[in-house]
Amino acid sequence: MVEYSKIEFLAACASSHVRDGENVFGGTGLPLLAALLAKETHARNINLISEAGFIDARPREVPLSVADTRYYLGCSASIGLIETLGFILQAGHVDVGFLGAAQIDEYGNLNTTYIGPYESPKVRLPGSGGGNDIASSAKRLIIIMTHDKRKFVKQLDHLTSPGHLEGPGSREKWSMVGGGPEVVITDMCQMDFDPKTLKIRLMSVHPGYTVQNVLDNVMFDLIIPNDVPTTDEPTQEQIDVMHRLDPHGVYLGKGGS
Amino acid sequence: MVEYSKIEFLAACASSHVRDGENVFGGTGLPLLAALLAKETHARNINLISEAGFIDARPREVPLSVADTRYYLGCSASIGLIETLGFILQAGHVDVGFLGAAQIDEYGNLNTTYIGPYESPKVRLPGSGGGNDIASSAKRLIIIMTHDKRKFVKQLDHLTSPGHLEGPGSREKWSMVGGGPEVVITDMCQMDFDPKTLKIRLMSVHPGYTVQNVLDNVMFDLIIPNDVPTTDEPTQEQIDVMHRLDPHGVYLGKGGS
Amino acid sequence: MVPDGSGLFWGGFGFQRPPIAFASELIRQKKRNLTIYTCGSEVDLEILVGAGVVPRLEIAFVAIEALGLANNMRRRVAEGKVEIEDYSNLAMAMRFLGGALNVPFMPLRSMMGTDMVAKSRYRGDEKLKVIDCPFTGEKICLVPSIQPDFSIIHAQRVDMSGNAQIDGIVGEDLEGSRCGKKLIILAEELVDEEEIRFAPEQTKIPAMYVDHVVITPFAAHPMMCHGYYDYDLEFLQMFHKITRKEETWQEYLDTYILGVENHTAYLDKIGWSRLNKLKAIKPRGY
Amino acid sequence: MVPDGSGLFWGGFGFQRPPIAFASELIRQKKRNLTIYTCGSEVDLEILVGAGVVPRLEIAFVAIEALGLANNMRRRVAEGKVEIEDYSNLAMAMRFLGGALNVPFMPLRSMMGTDMVAKSRYRGDEKLKVIDCPFTGEKICLVPSIQPDFSIIHAQRVDMSGNAQIDGIVGEDLEGSRCGKKLIILAEELVDEEEIRFAPEQTKIPAMYVDHVVITPFAAHPMMCHGYYDYDLEFLQMFHKITRKEETWQEYLDTYILGVENHTAYLDKIGWSRLNKLKAIKPRGY
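Chains as they are written, first to last, in our numbering: chain A, 4 to 260; chain B, 4 to 260; chain C, 3 to 288; chain D, 3 to 288.
Bound-form chain A, shown alone (with noise of 0.2 Å):
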């Protein structure tokens, strides 16, 4: 039986959601991790773009930071982010991009600014970086998160990235380029939305989870199918890159499993 750490679970899982050839935005942290495991696995030609101005990287440890030059060795463009936000995200031209989030609501908009009231914050979080332009115009959204139910909440203390902001035709209104959120993933389960009311549905449990755990850890209405499967398990040939790619166990905490 394949060993695992929970965060481990979480990058296979959204690594999966990756096709191959897709132009894939990167970031840095899990996310980063996920996609970097996709062109490793199972999306060998995936064009993965880093927003501070790398195309095409092909980085041989995981990079720290979106501008890390670990981007740049094998890259076949090193341009600036008003190519990589501008032209490239703005003019609809990747597929995927992948969000984290401090809090999320049942339509998929994402808080990363502030826990606590605008006026008089509690905790500033990093704020939208190129968080809102990704959920505004990547094609496809994959929202990472750890399971808390403080994180999935009915009212954002802050709306910093859209999901499907109020529903049918929000997006429309704004003439958003992409096409917002299709799958979040967390330690706990996958899901996805609802394509009539654009609200969150449960997609799979992860194993040793029950629906139930789930339902006690979202402070919405969540919506649940009639068959719920169970996620499937990473394979150790994930496990082995995820950690090749982080030895110093940045992302995956260490110790690694």
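Quick caveat, the hints were computed from the structure, so don't treat them as lab data.
Predicted, not measured: the structure shown is a model, and the values here were computed from it.
A virtual CB, placed ideally from N, CA and C, is assigned to each residue, including glycine.
Any given hint could turn out to be false.
What the hints assert, rightly or not - Under 7 Å between C-beta atoms, here's a sample of chain A residues computed to sit facing chain C:
#1 Tyr121
#2 Val156
#3 Gln158
#4 Gly211
#5 Asn220
#6 Phe223
To be verified - Cross-link-like lysine-lysine pairs, in silico, DSS-like; alpha carbons within 27 Å at most:
#7 A/Lys202 with D/Lys141
#8 C/Lys183 with B/Lys125
#9 C/Lys184 with A/Lys142
#10 A/Lys176 with D/Lys129
#11 D/Lys183 with A/Lys176
#12 A/Lys125 with D/Lys247
#13 A/Lys142 with C/Lys183
#14 C/Lys131 with D/Lys131
#15 B/Lys142 with B/Lys125
#16 D/Lys121 with C/Lys131
#17 A/Lys202 with A/Lys176
#18 D/Lys129 with D/Lys184
#19 C/Lys247 with B/Lys154
#20 D/Lys32 with D/Lys83
#21 D/Lys284 with A/Lys157
#22 B/Lys176 with B/Lys202
#23 C/Lys141 with D/Lys243
#24 D/Lys243 with D/Lys281
#25 A/Lys142 with D/Lys131
#26 C/Lys121 with C/Lys83
#27 B/Lys176 with B/Lys152
#28 B/Lys176 with C/Lys247
#29 D/Lys129 with D/Lys83
#30 C/Lys141 with B/Lys176
#31 C/Lys121 with B/Lys202
#32 D/Lys183 with D/Lys129
#33 A/Lys142 with A/Lys154
#34 A/Lys9 with A/Lys176
#35 A/Lys199 with A/Lys125
#36 A/Lys154 with A/Lys125
#37 D/Lys121 with A/Lys9
We have chain A already, so just place chains B, C and D on it with the hints.
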């Protein structure tokens, strides 16, 4: 005595209006020859810019095109059009621009697009190119033309590039970045602009011409000051430098002098 | 590949990297009703409008620069066979930048106060708009972005996957290559992927934008390609002279464009000893 | 050189070429009330807000990316001592592009529908405007251009006249370097003019824009400078840890910033054997 052709006189005269250390938009043709002549004589530290993207150019031979590779050799930066016309020119960094025209009116407005009515033009000229941009945004504009009655007209067939438009306040109305035309140089005379009315005013007459010659070749009321000096002649050094810069006589005409 | 009626961003600037081989091929294939978008082009536009391929252009400039007026263009405009919607160079470059950014317009400070604002050939209200800036209140000119059917770009080298490198000035080709719905690259040579990835900063056009690549040596003749060959001044002067009259232009058209099967045959006709003399000397690049 | 109350475009992106030596010097000179404009910065913003130099920022991002939240920023915001006007990365880059182009605004398709449009920290109506496009009728977001008092850029090399070359990614430094009223360059090394003019395409910032140059080796430590040195991961982790508490941050401030006379003394304190180990290996660049 120095021997020179009309064209050589024109180029030498134009070059005298370039001051050392300035950012100069070169173009091609006579304006470029004038700028290069200045750089080789009294204004060695001008920053010669070609709108195609060359910055601080030091061509050894005269380029035939704003994009000629002759502009590249020894330049300090090679970028693009948005850089030169946008970041540099539109942002107000260009001290002097040179323009020629097929027609000019008494406010220094220029036509480089059509002869004849817009609806059924008799002659298609080159068009604006970067001319309108230069006329809009360069701090000072030096206009170089061969002198001909049909070129100094009361009413342009087409207003391509702004001079002082309709006089005082006109450029301010459109928030123009640059100061507009400062001097008009022909093979017959030099003209500047009356500060009050912003209309063309005779400044000096070239050796061999009279004020009456000039008046006979202008179709609007040219302002004539009480004192009209004779323009300085080119030096032998200037003639020699021009012949070296344009050995094939592309700009100077076959035969040189 | 390019259907009649298409709109094309046309790459190159002045004497540098004009895709003349592509223009000749469009003529041989008897394309009609193409619209050209570019800041300025020279020999390529002359042959395209001379041959009746292009009745409409949105450009800032046409001439053979130092050599003089564009004679074919002058005749075709006087005949009423060609319509030009006039913009300035910066305006066109901003229209391509806006197209590349996928926003509907871009602001600029040129053109105001002139007939380029007052008069329109065929776009009418859609040529541009002068507005009061919502932030500062000052006048500002908005030009509509362009996303044409095709972008045609001439680059120095490409690899198998389509990464294209341009040396020397790029003019408006960065923005222009990204604004078209499809991108066709003419390249002087095919190089190994390793060579591209060794100098990724020279990859002005990443493969992800590229739809088709044609390896075409001397694609710009009689114009120049930085680092590869100089312009053919004698030929250029001959070209400019023959375009003064319709008869001599038609002779040229029959001889150098319609009378040759393809670009290789054109180069053979020009003669390789002549072409080899044009080859660039390093490091000067021409 | 930088008066209290100035606005600064702040160069570098993520771990790459942040002008940290300049931030430390601003702190040593006890500057106050500076406003920072940048897409995102990390250690530099942490020390600037931690030391009370910068009460206002217009940014898209602050964190130590992979390492976690910006602790000093978090504390200062919670204390009400720092205000951030939030934009997205593209929005900030477009604001710099607009400033460089000297137009009052730029259009973009992000931010709409979110609290970045609905809420403003201090710019109010001047934060942005969502309009109906006068050409297409669709919604489009206009962001105001920025032309700050200074642009601060960290480059790999300059020549005596100020031509600055940047290797690797440029982030938003091209636009940022051109948008400021004055431009200060921190460079890792001074090179001969010939070297610059041999590769003019690498001159990302021509001398004509440059007002002041400071030759500052290891200006980005503990972050990286492409082709020159890698980040100092151990130091960075230490830094991130000490910023969690005000007391340990104050100790750091006293030791590594206020307690050293200048950048050279800082480097001596870090130790040259440690710094030399960070030096980049060719051709990988880190």
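So, going through the hints one by one against the coordinates:
1. Tyr121: 23 Å, violated
2. Val156: 33 Å, violated
3. Gln158: 32 Å, violated
4. Gly211: 40 Å, violated
5. Asn220: 39 Å, violated
6. Phe223: Interface hint status for A/Phe223: violated (33 Å vs cutoff 7 Å).
7. A/Lys202 with D/Lys141: 24 Å, holds
8. C/Lys183 with B/Lys125: Status violated; Cα separation ~36 Å.
9. C/Lys184 with A/Lys142: 19 Å, holds
10. A/Lys176 with D/Lys129: 21 Å, holds
11. D/Lys183 with A/Lys176: Since the Cα atoms of D/Lys183 and A/Lys176 sit roughly 38 Å apart, the hinted pair is violated (cutoff 27 Å).
12. A/Lys125 with D/Lys247: 16 Å, holds
13. A/Lys142 with C/Lys183: 17 Å, holds
14. C/Lys131 with D/Lys131: 18 Å, holds
15. B/Lys142 with B/Lys125: Violated, at roughly 33 Å.
16. D/Lys121 with C/Lys131: 30 Å, violated
17. A/Lys202 with A/Lys176: Since the Cα atoms of A/Lys202 and A/Lys176 sit roughly 18 Å apart, the hinted pair holds (cutoff 27 Å).
18. D/Lys129 with D/Lys184: 24 Å, holds
19. C/Lys247 with B/Lys154: 25 Å, holds
20. D/Lys32 with D/Lys83: 16 Å, holds
21. D/Lys284 with A/Lys157: 52 Å, violated
22. B/Lys176 with B/Lys202: 18 Å, holds
23. C/Lys141 with D/Lys243: 52 Å, violated
24. D/Lys243 with D/Lys281: 24 Å, holds
25. A/Lys142 with D/Lys131: 25 Å, holds
26. C/Lys121 with C/Lys83: 19 Å, holds
27. B/Lys176 with B/Lys152: 31 Å, violated
28. B/Lys176 with C/Lys247: 45 Å, violated
29. D/Lys129 with D/Lys83: Roughly 20 Å separates the two Cα atoms, so the pair holds.
30. C/Lys141 with B/Lys176: Since the Cα atoms of C/Lys141 and B/Lys176 sit roughly 8 Å apart, the hinted pair holds (cutoff 27 Å).
31. C/Lys121 with B/Lys202: 25 Å, holds
32. D/Lys183 with D/Lys129: 21 Å, holds
33. A/Lys142 with A/Lys154: 24 Å, holds
34. A/Lys9 with A/Lys176: Violated, because 38 Å separates the two Cα atoms, which is more than 27 Å.
35. A/Lys199 with A/Lys125: Measuring from Cα to Cα gives roughly 36 Å; hence the hint is violated.
36. A/Lys154 with A/Lys125: Distance of about 15 Å is within 27 Å: holds.
37. D/Lys121 with A/Lys9: 36 Å, violated
In this structure, the hints that do not hold are numbers 1, 2, 3, 4, 5, 6, 8, 11, 15, 16, 21, 23, 27, 28, 34, 35, 37, in rising order.
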